[in-house]
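Visitor: Sequence:
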Amino acid sequence: MNSPVFVLENSWHPLDGELTGGFSMVLHNMSDQAISDFRLVFTSLTRVTENAVCENATFLRRNANFHEVAPLSGVSLAPGACWAFKIDGLHRPAKHRTDGAKSAYVTLSDGTHHTCAVGDLMLEGRHSEPAPKLLPEGKVSAPYFMQPWPKSVTLSAGETYPVALCLADEAGAEAAKAVQGVQALFQRLFPTAHVPFALKPVNEGRTLSLITDSTLEDVAYKLTFSPDEVVLTYAASTGLQYGLTTLAQLLHGARIDADTFSFPVEGVIEDSPRYGWRGCHLDVSRQFYPTTDVTRLIDILAWFKMNIFHWHLSDDEAWRLEIKAYPQLTTLGATRGPDEILLPQLGNAAEPVVGFYSQDEVKVIVAHAASLSVEVVPEIDIPGHNAATLAVLQHLTDGQEAPDSYHSVQGFPNNALNPAIEETYDFLAKVFDEMVALFPSKYLHIGGDEVADGSWMASPLAKKLMQSEGLDGTFGLQSYFMKRIQHMLAERGRQIAGWDEVSHGGGVDPKGTLLMAWQKPEVGIALAKQGYDVVMTPGQAYYLDMVQDDAWQEPGASWAGTVPPAHSYAYEAEGDFPEDLRPHMKGVQACIWCEHFLSTDYFNRLVFPRLCAVAEAGWTPKANKDWLRFAAIAPLAPKL
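So the sequence shown is numbered by our numbering: it starts at 15 and just counts up by one.
Hints are computed from structural coordinates only; laboratory data are not their basis.
You may find that some hints are simply not true.
Using C-beta positions, here's what the derived DEER-type ranges look like [what the hints assert, rightly or not]:
#	residue 1	residue 2	range
1	Leu-29	Ala-272	56 to 62 Å
2	Val-19	Lys-147	35 to 41 Å
3	Ala-451	Ala-98	53 to 59 Å
4	Arg-106	Lys-147	24 to 30 Å
5	Val-21	Ala-472	40 to 46 Å
6	Glu-436	Val-21	50 to 56 Å
7	Ile-225	Asp-564	37 to 43 Å
8	Lys-543	Ala-584	48 to 54 Å
9	Ser-166	Trp-573	37 to 43 Å
10	Ala-504	Glu-437	20 to 26 Å
11	Gln-47	Asp-353	18 to 24 Å
12	Glu-505	Ala-182	45 to 51 Å
13	His-409	Gly-484	25 to 31 Å
Note that CB positions come from ideal geometry on N, CA and C, so glycine has one too.
Sequences are here, hints too, so could you generate the full structure?
Guide: Encoded structure:
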């Protein structure tokens, strides 16, 4: 007998007097056999609430974005037939085609699971507006291919460009290694393009001379162009890498579009970054990315002179980092499936999905990043977002510790490590010991975000701790937890980085603490006033999973609003920061949250060109920004 074939179509309908609306769904049986006594599971970022009303279906259960329904008793679905049903009472209205079912499967009466094909969410009763063009036609006022744009550019365009930039004979072995390092980066990103450098003279090449100057900053460089020679002046290896990357960009642009871009014949570029923290975050819990994708993303960051890779390694959906003291975190806690300890979530269907990074793989990735002047800042999210951890390590619970699944954060019940359970700190101590050995970054990111108000209030141990320590509610307990974590990290020579909620309930000692302002720009100023160092990463500008237009057919999430590339580019993170607080503003960061990212094409569709915009925000002075120049260059960026 052939395996059954099923298709799930879904649409969203508004309801009179009801903002959230409902889903209309149709399951098509395209197999050659009738089915009965079956169940349907679908995953959706738009979740069903406890007030859901079903028509022609019975709602069975929900776990976060996992929903299970069944037809009414006695229903049999013949080959070629379909089952239509409705669910009204969602937690928010659907606004885009990606707000509906992202995956689905049918569980038959024999217990087997069969993946459904799923299409986009359709819109009932209203115009389904197509996705628009997101960038204008670009135009360059200066004919040079560089992104991010340098601090100071005074150049004259040449009529021709060299075949390659040839390292001068007097350059030493270390200089040659640096040149070859950027050459290798270029070849990984553009494998069919002509290389920019040569280690020995070649016909029609131009000499590249390297000069050290200790008066420059470590991250600064200077390029001086003449018809016969390019001189790159630098103080340290990072500045050398950035200067070589700029040269590779200039020559690459002149080759791929000689009508638009030129290689300089004379002039000077003097350059250094605007901010010290120029970061990109990647969530690998919701969707797993193999090591080849991670290293390629790091290559792309290096191409854009970004220097921080913030690696989000754990969340409710999975734990992705091998911890040898707790192997079950990745033998069980990195697998989702219908019959696994973790149920399918967004994009997962009948087939179990698994993925984690071994410690050997982590070492390779960290070393790769370091060779490109990129620092890897690891994150395990605590105390919230730990549904996967607690599903595996059930002894780290003390009764019902969080609101029910309809009122907790993102629908995960009991997903916060309990500050009153001493074994919690024993567990984290062993995790931190292994992480410190893997990651040389001075920061260890501990999350700290989105603990549901009301967490731990039903825990007898938490109530006892609150009474003995004089703590007030969930956030008083969270502050107690964070202070202990800060001390544990300090003992290991590390400093806390976290999301802005680390400051809740009294927070931690601001000295040496770096917090990321994500909820809205004003939070960054408030944190700086409290003495925290701040990285600006507001969802309204730098969350790259957000939709880029209001149109229904534009894909992405929308809780932080619509984030077109023009806004990401124009946004000024310093904003209304008072002058006296600006030393606390350390930089900017893009965040790639991956609930929606079910394919590489989808990733590229949302991440680019906005990642290029954040790169330029971190490097280029405000006065040097140029939206039309950006629109001309950004589409030519390397992608995942």
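Visitor: Run through the hints listed earlier and report the numbers of any the structure violates, in increasing order.
Guide: 7, 8
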